[in-house]
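If you're matching them up, the sequences are chains A and B in order. 24 is the number of the first residue of the first sequence in this note's numbering; add one for each residue after it. 6 is the number of the first residue of the second sequence in this note's numbering; add one for each residue after it.
In short, the hints are calculated from the structure, not lab data. Please note: incorrect hints may appear among the correct ones.
[As the list claims (entries may be wrong)] Distance ranges between label pairs, derived from CB positions:
#	chain 1	residue 1	chain 2	residue 2	range
1	B	Lys17	A	Leu60	33 to 39 Å
2	A	Phe245	B	Cys34	30 to 36 Å
3	B	Gln125	A	Lys250	34 to 40 Å
4	A	Lys250	B	Arg98	47 to 53 Å
5	A	Leu107	B	Leu210	23 to 29 Å
6	B	Ile132	A	Ala67	30 to 36 Å
C-beta: ideal position from N, C-alpha, C; glycine also.
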Amino acid sequence: MDLSLFGWGNAGWADELTRGAVMTLVVATCAFALGILIGSAFAAAKLSRFWPLRLLGDVYTTVVRGVPELLIIFLVFFGGGSLLRYVANALFGFEGYIEPPVFVIGLLCIAVSAGAYSTEVIRAAVLAIPKGQIEAAKAVGMAPAMRLRRILIPQAARYALPGMGNVWQYTLKDTSLISIIGLVEIMRAAAVGAGSTKEPFTFYLAAFVLFLLLTSVSNRGFVRAEKWANRGVRSR
Amino acid sequence: MDFDLMREAFPKLIAAVPATLALATVSLCFGFALALLLALMRVSNNRFLSAFAYGYVYIIRSTPLLVQMFLIYYGSGQFRSFFEAVGLWSFFRDAWFCAILALSLSTAAYSTEIIRGAIQAVPLGQIEAARAVGMSGILQFRRIVFPIAVRLALPAYGNEIILMVKSTSLASTITILEVAGVAKQIISNTYRPVEIFVIAGAIYLSINFIVSRSVMVIELWLSPHRRAERAASPVSSAAGH
């Protein structure tokens, strides 16, 4: 192994790998945030009184959690462009060729699967809130929006935190899959380096270490966040 | 939807199912054996063994399977002369060997935690009873701890099996043509992602449905005491069992 490969500047690969790591973090963070939005919407659907909504939520989580992420990436990668062109044509009469940016496609792929896992976590968290809390809020005359803001969301967030930590780990690791569609994140940067130096082990080991670092640091962050969120709760 | 294309693609994708199942089954078997060993190390009183198992599980679970697979398959090429010298190159050159190795090492880490949790959840009274009748450590493990732990681990292990079936799709990135690999081949030839996704997705969903149902059946079969409870409930006893 030649450690001088990891210098900065033109000769070394440290800057390329660091840029890759930043891209991984950006994609993972955006996908995680989008996943929480998607997850909240589908959790609401699954807890709804109307069966078509419940069915929709069940189909989404069953399909996305039962099918490999790679297949979803193929679907969005090869299908996203034609869908976009179809919509552009139908709405604006646009005839030319447009291709959605790789970043957006990659982000969507990861967010769809993060959303499915978040749905289950958020649904369980909402169900864990004692019924009396909601009844008490109704009894003091809170409007539904205020009940959501003051009672439901703060407590559900605390119950959901450990599960969301796991979802974050999946999301971070899943970003490696979108290297396949050409987005230059850690894996892609490592593959480029491996190809041009003929030292694949060195570069994939660097990717391995970078991921280990990212998950370890963020894991610690989640542990601290849990401690902070539970500061007012009696421990047994 | 292009139904002619779907009719044409269906047999090709079905023909790739054995490859997916073979990857999953073989890796799960190796992975389970390794996980049992690691779980025993993890619950042992030896600090060194326990720390080793913990470190292994931590590192494997913190990194993406894709990186592990590339590290083994492409990374081994860097040490080709070494592997040739020790006579292992014919293994590491083979994509199937590398895929199974990566999948086994990965599932072993996740299963270790499941098995450890189950072993530690075996009620203390059971172990005390085994000790009271004078069972030795090995006999205790074989007759009491292991059977109870297997039953406790089953639901979580069922999820692990499903995750493994999904993970086998990564083998397509190192040239293996299992279901996802064939799907990608057809999609890039025909540019019909939706049709192929529907078929390939349905195949994975059916496999996972069968797995989760089988695990439920096995769980019930391993829980005769729960079946007895059900039989003793007022409704069925009134029916005259």
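Going down the list of hints, with the structure as the test:
no. : hint                            : verdict
1   : B:Lys17 - A:Leu60: 33 to 39 Å   : holds (38 Å)
2   : A:Phe245 - B:Cys34: 30 to 36 Å  : holds (34 Å)
3   : B:Gln125 - A:Lys250: 34 to 40 Å : violated (24 Å)
4   : A:Lys250 - B:Arg98: 47 to 53 Å  : holds (49 Å)
5   : A:Leu107 - B:Leu210: 23 to 29 Å : holds (27 Å)
6   : B:Ile132 - A:Ala67: 30 to 36 Å  : violated (46 Å)
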